[in-house]
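Top to bottom, those sequences are chains A and B. Under full-length UniProt numbering, think of the first position of the first sequence as 1, with each following residue one higher. Under full-length UniProt numbering, think of the first position of the second sequence as 1, with each following residue one higher.
I should point out that these hints are in silico values taken from the structure, not numbers from a laboratory. On a predicted model such as this, the values are computed, not experimentally measured, just so you know. Accuracy of the hints is not assured; some may be wrong.
Which copy? The list can't say, so a pair holds if one copy fits it or any two copies do.
[Unchecked claim] List of simulated lysine-lysine pairs, DSS-like, C-alpha gap at most 25 Å:
1. K43 x K78
2. K88 x K43
3. K80 x K43
Number of protein chains: 2
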Amino acid sequence: MSEYPAAPDGLDEDGARAELIRLRDSIDNIDAAVIHMLAERFKCTQQVGRLKAAHRLPAADPAREGRQIERLRELAAKAKLDPAFAEKFLTFIIAEVIRHHETIAADAADAEDTASVNGARTR
Amino acid sequence: MSEYPAAPDGLDEDGARAELIRLRDSIDNIDAAVIHMLAERFKCTQQVGRLKAAHRLPAADPAREGRQIERLRELAAKAKLDPAFAEKFLTFIIAEVIRHHETIAADAADAEDTASVNGARTR
Numbered sequence: 001m002s003e004y005p006a007a008p009d010g011l012d013e014d015g016a017r018a019e020l021i022r023l024r025d026s027i028d029n030i031d032a033a034v035i036h037m038l039a040e041r042f043k044c045t046q047q048v049g050r051l052k053a054a055h056r057l058p059a060a061d062p063a064r065e066g067r068q069i070e071r072l073r074e075l076a077a078k079a080k081l082d083p084a085f086a087e088k089f090l091t092f093i094i095a096e097v098i099r100h101h102e103t104i105a106a107d108a109a110d111a112e113d114t115a116s117v118n119g120a121r122t123r
Numbered sequence: 001m002s003e004y005p006a007a008p009d010g011l012d013e014d015g016a017r018a019e020l021i022r023l024r025d026s027i028d029n030i031d032a033a034v035i036h037m038l039a040e041r042f043k044c045t046q047q048v049g050r051l052k053a054a055h056r057l058p059a060a061d062p063a064r065e066g067r068q069i070e071r072l073r074e075l076a077a078k079a080k081l082d083p084a085f086a087e088k089f090l091t092f093i094i095a096e097v098i099r100h101h102e103t104i105a106a107d108a109a110d111a112e113d114t115a116s117v118n119g120a121r122t123r
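Hey, can you work out the whole structure from these sequences and the hints?
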């Protein structure tokens, strides 16, 4: 008989430590993948931001956001991820995107003001 | 000459709309990939949670979190993603994971109390 009762998973301390390392390696691989996907996502949303600024479209689009949330909640449920978390996640990402879009729009407006001033000077 | 000046990107309204749809389709594909990666990540962290509860390890691990944040900031910088955003993102995910771990630990403690009570009754 061991001095200490075995943990409910039957692993001793070394076994538990090895299992923790194995799981953390997987988490680190997944995080690297997600960071690269998000980098690509922001490349797309930066392009959307420039497009919206050039065509004077509003930065936020509540109808599109509603459809995105509905779709991601369904995808999450099928993947056994908490749909409420998927919604929180998208809201978190969209808040960052809108912040970017507003910066792009402000930069575009500044550039336009400068161009108008320069245009007036050369006319 | 067109009645309206062309947008700075040279696209007319139909062109801008088509470009917006193209970009949004890419964003939707990326979001589906990220949701599935996060579902897999939470499978790993649920296993970590059970392991920590079984071996009475603390739910949070600030040293590990510090290393994760440093690594993701570096990966983000290489991928041209704002490192500050990568850090905010990881903090957001870890907050959810700790919430899960605390739930698992509380459930494990409840199960143990019930087992003790049952054990006392049958002894």
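Hint check:
In this homomeric assembly, K43 and K78 come within 25 Å of each other (Cα to Cα) only across copies, at 14 Å, whereas the closest approach inside a single copy is 28 Å. Proximity of K88 to K43 under the C-alpha cut-off of 25 Å is found in both arrangements, the shortest distances being 21 Å within a copy and 18 Å between copies. Taking CA atoms no more than 25 Å apart as the test, K80 paired with K43 passes between copies only; the shortest distance there is 9 Å, against 28 Å inside one copy.
The structure shown violates none of the earlier numbered hints.
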